[in-house]
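Chemist: Here is what each chain is made of, one letter per residue.
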Amino acid sequence: MKRLLIGALMAGMLAGCSTTPTKEQDGAAVEDRKPGMVVDRPPVKPADTTKPLATKPMTGDPLTDPGNILSQRSIFFDYDSNLIKDEFKPIVNAHARYLQQNPSTRIRVEGNADERGSREYNIALGQRRSEAVKQMMQLLGVKANQVEPVSFGEEKPRCTEAAESCWSQNRRGDIVYQGR
Amino acid sequence: MGVIPPEDFVGQPPDKILGSWYRLVLAFLVPLSFALSPAARGALTIEIIGSGATQYPVAIVPFRAEAGTPQPVTPVVAADLVRSGVFRMVDAGGVSPTPHEPQEVNYATWRARGAEAVVIGTVVLLPDGRYDVRFRLMDVAKQTQLAGFAYTASGSQLRLTAHKIADVIYEKLTGDKGAFSTRITYVAKRGNRYELQVADADGVAAQTILASNEPIISPAWSPDGNQLAYVSFEQRKPVVYVQSLTTGGRRAVANFWGSNSAPTWAPDGRRLAVVLTKDGGSQIYLVNADGSDLRRLTQTSAIDTEPNFSPDGALLLFTSDRGGSPQIYGMPATGGEPQRLTFEGTYNVTPRFSPDGKSFTFIQRNGTRFNVAVQDLATRQVQVLTDGSLDESPSFAPNGRMILYATEVKGRGILSAVSSDGRVKQRLTADAGDVREPAWGPLPK
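Chains W and A, in that order, are what the protein sequence lines are. Counting in this note's numbering, the first sequence runs without a single skipped number right up to 216 at its last residue. Counting in this note's numbering, the second sequence runs without a single skipped number right up to 450 at its last residue.
Okay, chain W solo, but in the shape it has when bound (with noise of 0.2 angstroms):
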């Protein structure tokens, strides 16, 4: 399995081919799109005129490029934990770094649990996973009140067989952009 996100998140960064969807959200309004959004990039080095470096052409929007890492919202946990794995910490680092950028945009970060146990601890658990995503970010100068942690336990689970395939998808957090 890590192997497997590590793989899609070069493919994605490098090759800007599609990557996981996004969470869907269940009746929720259609997503205001802003275009033309362009986000600061550090300065470029002179290049070696004798090979043109390829660059990204500005399309628009970072968080809707599925391109970007930033269209890469979840963070799996591993079983009773909430600890960033290394391998999403540059997911984590990239949405930070874009609301560093953006001071009024707010997320939400929504924690999941697998369904064994009772609902309740298991919103505490989820509300975990989804407070340590947002104090990675906060270490990383974003402001307390762009993120809120809420939780939906086991609520509202990917898929639903009694197994460790599935309940490594529901231990999970997802990052959802308020307002777009």
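A couple of the hints might just be wrong.
Some, not all, of what chain W presents toward chain A, calculated at C-beta under 10 angstroms [said to hold, decoys possible]:
1. Asp122
2. Pro126
3. Arg152
4. Gly153
5. Tyr157
6. Ala160
7. Glu184
8. Thr196
Keep in mind the hints are simulated off the structure, nothing from the lab. Positions of the beta carbon are idealized from the N, C-alpha and C atoms, including for glycine.
We have chain W; now place chain A onto it with these hints.
Modeler: Coordinates of chain A only, in the frame set by chain W:
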């Protein structure tokens, strides 16, 4: 046991007792529907799959003229008593003449059939269209009357009258109060549709209190049975609401930053304990039922959740992983150092007090199974009552005799009930979809 002379009928007009319960008016809030609608296919079917160690043999003779009424009373009485697991019905047919009055009872017949008690009665249609329902409970050995009551009921109230009669018989013969006139609440899920429903304790007459496309969990009865607190995800995060069952009006009682969940009522009916994450982590707070005056009760960086008050309001049980694994703790409701109460295994959650305050039911994980257990507060002895794989959400009947809980059978969510000695077992299934998150309502006032 006091004998009530045959001439003295004591009875409260059921109107006083019934009035508020059956007026479930609902508020309307887009995009949810709060419909005073009978739940689609709105009953739970109950099967008995285990009975008690001893069973009273009782004969219930069909009441005079009940056959012509909208709801014959004795079948409901018999079903209630059999469902309790501690009564056995003795054949009441083929006795001629059929006894309806005390002087008509031939005790030798009933003794020969093995009955220890006989129930007889009459139904009379009154000029105003209501019914006069009278019953007597007769002791076969002593050949005396144990109880006699009269009720005035409309046609739609006959079923509840039958439950009240079953309550009297149950109490007279077992010494425990009956819980047949009570109601239960639960969440029914079909696809992505969630409905919070309230039904009679026998699963009949389910009404939908809230219908939503987002999950609903943790319904909790107010002590007077007129309000339900619950957690709804309609705002894409958990929010605690309190809704009136009599007016349908509702308000968000806890809608703070982060998650709001696990509501439970204080016995005075004026406050709730809830779990909020607004200050970081899941912590227990006290709030007034109108949402005012928030007070924090726990102060840890651990998970503190699932609060539950003792019947006298003095003690608060809750689940906490402050010791490294989820266990059950108790603390004075006014604040003070919590004491750990569970020490078996690594996962003990969802504590709910018994009505007499002497024990609590909870969920204990054993290996990969989650089961219903009961712990005595004084002795700390634990008894595991179920053997399903994923049992959840246990609550006591208000007479303390049965525990209602949610479980899964062949991948479907159903409700089950088990007696506090583990012997009587019932299963409650819906026609379609899953049922979960049950809570047993209080005794009628």
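Chemist: Could you run down the list of hints and mark each one as holding or not?
Modeler: Each hint, compared with the structure:
no., hint, in the structure
1, Asp122, "24 angstroms, violated"
2, Pro126, "25 angstroms, violated"
3, Arg152, "7 angstroms, holds"
4, Gly153, "6 angstroms, holds"
5, Tyr157, "5 angstroms, holds"
6, Ala160, "4 angstroms, holds"
7, Glu184, "6 angstroms, holds"
8, Thr196, "9 angstroms, holds"
Of the numbered hints stated above, those contradicted by the structure are hints 1 and 2, listed in ascending order.
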